[in-house]
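The task is simple: from the sequences and hints, build the whole structure.
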Amino acid sequence: MHLRIGYEEREEGVSPVVGVMLMLIVTIIIAAVVSGYAGNLVGNTPKAPTIAMDVKIANTGTWVGSGFYATVTGVSDPIPTEDLKIETTWMKRASDGTVIAGGGFVTGQLLINPYYGQIYGTYNPPIGFGSGVDETYPQKLTEPYSPNQHFGNYTLVQGTGLAAIPAGVDTSDPDAINGVSGGSAAEGYGVTSLFNYTASYVTSDPLTGLTDPAQTILGKRWNELRPGDSVSVSLIHVPTAKVLLQKEVMVTG
2 MHLRIGYEER EEGVSPVVGV MLMLIVTIII AAVVSGYAGN LVGNTPKAPT IAMDVKIANT
62 GTWVGSGFYA TVTGVSDPIP TEDLKIETTW MKRASDGTVI AGGGFVTGQL LINPYYGQIY
122 GTYNPPIGFG SGVDETYPQK LTEPYSPNQH FGNYTLVQGT GLAAIPAGVD TSDPDAINGV
182 SGGSAAEGYG VTSLFNYTAS YVTSDPLTGL TDPAQTILGK RWNELRPGDS VSVSLIHVPT
242 AKVLLQKEVM VTG
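Using the working numbering, read the sequence shown as starting at 2 and increasing by one per residue.
Each hint should be verified, as a subset may be incorrect.
Here are the simulated EDC-like pairs of lysine to aspartate or glutamate, each with C-alpha atoms no more than 20 Å apart in a straight line [unchecked claim]:
| no. | residue 1 | residue 2 |
| --- | --- | --- |
| 1 | Lys243 | Asp135 |
| 2 | Lys243 | Asp78 |
| 3 | Lys48 | Glu83 |
| 4 | Lys243 | Asp84 |
| 5 | Lys248 | Asp230 |
| 6 | Lys93 | Asp135 |
| 7 | Lys48 | Asp97 |
| 8 | Lys243 | Glu83 |
| 9 | Lys248 | Asp55 |
| 10 | Lys48 | Glu249 |
| 11 | Lys86 | Glu225 |
| 12 | Lys243 | Asp97 |
| 13 | Lys221 | Glu88 |
| 14 | Lys86 | Glu249 |
| 15 | Lys57 | Asp230 |
Per label pair, the in silico range of CB-to-CB distance [to be verified]:
| no. | residue 1 | residue 2 | range |
| --- | --- | --- | --- |
| 16 | Ser235 | Asp78 | 42 to 52 Å |
| 17 | Leu195 | Lys48 | 44 to 54 Å |
| 18 | Gly62 | Gly160 | 37 to 47 Å |
| 19 | Thr99 | Asp78 | 40 to 50 Å |
| 20 | Ile31 | Gln159 | 40 to 50 Å |
| 21 | Thr46 | Arg227 | 35 to 45 Å |
| 22 | Arg222 | Ile31 | 27 to 37 Å |
| 23 | Ala95 | Tyr138 | 38 to 48 Å |
| 24 | Lys57 | Ser194 | 21 to 31 Å |
| 25 | Ala242 | Asp55 | 16 to 26 Å |
| 26 | Asp55 | Val239 | 19 to 29 Å |
| 27 | Asp78 | Leu195 | 36 to 46 Å |
Calculated from the structure, these hints are not laboratory results. Virtual Cβ for every residue (Gly too), placed ideally from N, Cα, C.
Now the structure itself:
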């Protein structure tokens, strides 16, 4: 008699407990990798600074005392103007009932160099004054301004002043930046008649660079603004695309 010995084949498997443990380990590893990657992304993302700034927009009907003015009253960290963009928008109804819309912008990348007045050079407004402006070249209150005063070449800190005034300032007038007229101008804003530019500025085009600082920031028809009108002003931090400041500014005379 022969004995037949049978062998039952079994599939060797992993116990349920071990399987669960392996899944947990893999999940933990993946979570750690994802968390580390996300952490690196966050760590490499620039943080937007904060800023407080007083802004004034005036239209007196002439270049004297008119334009865009701002003073930095506080910052979390110094902010290079090469990282900034200023935008303005406004809308109003004219006396005849027609709607007039305007606005402008300027970047710190020195892409726009408007022609300032009828003499002496190009500048990227708003021009910087006081703290935050490098002293490599002496600061000037009137044109020709120093290169370090161009928007894009200075840094905003507490006390920094910014100004974009209409064409018409004469280089012999040291107080013109404060709206005090001591000189004269043959061309510009409000020279021959209030609230009007002379002919050479009527055809100015910001895209060609032939414009004055007030037109660059407030728009070509900014001279239509009157006391009581409102202008929306935004300060944008380009590296983070964050709006650092947004306010409605009432035009004064």
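(request) Provide an ascending list of the numbers of those earlier hints which the structure does not satisfy. (result) 1, 6, 7, 10, 11, 12, 16, 18 and 22
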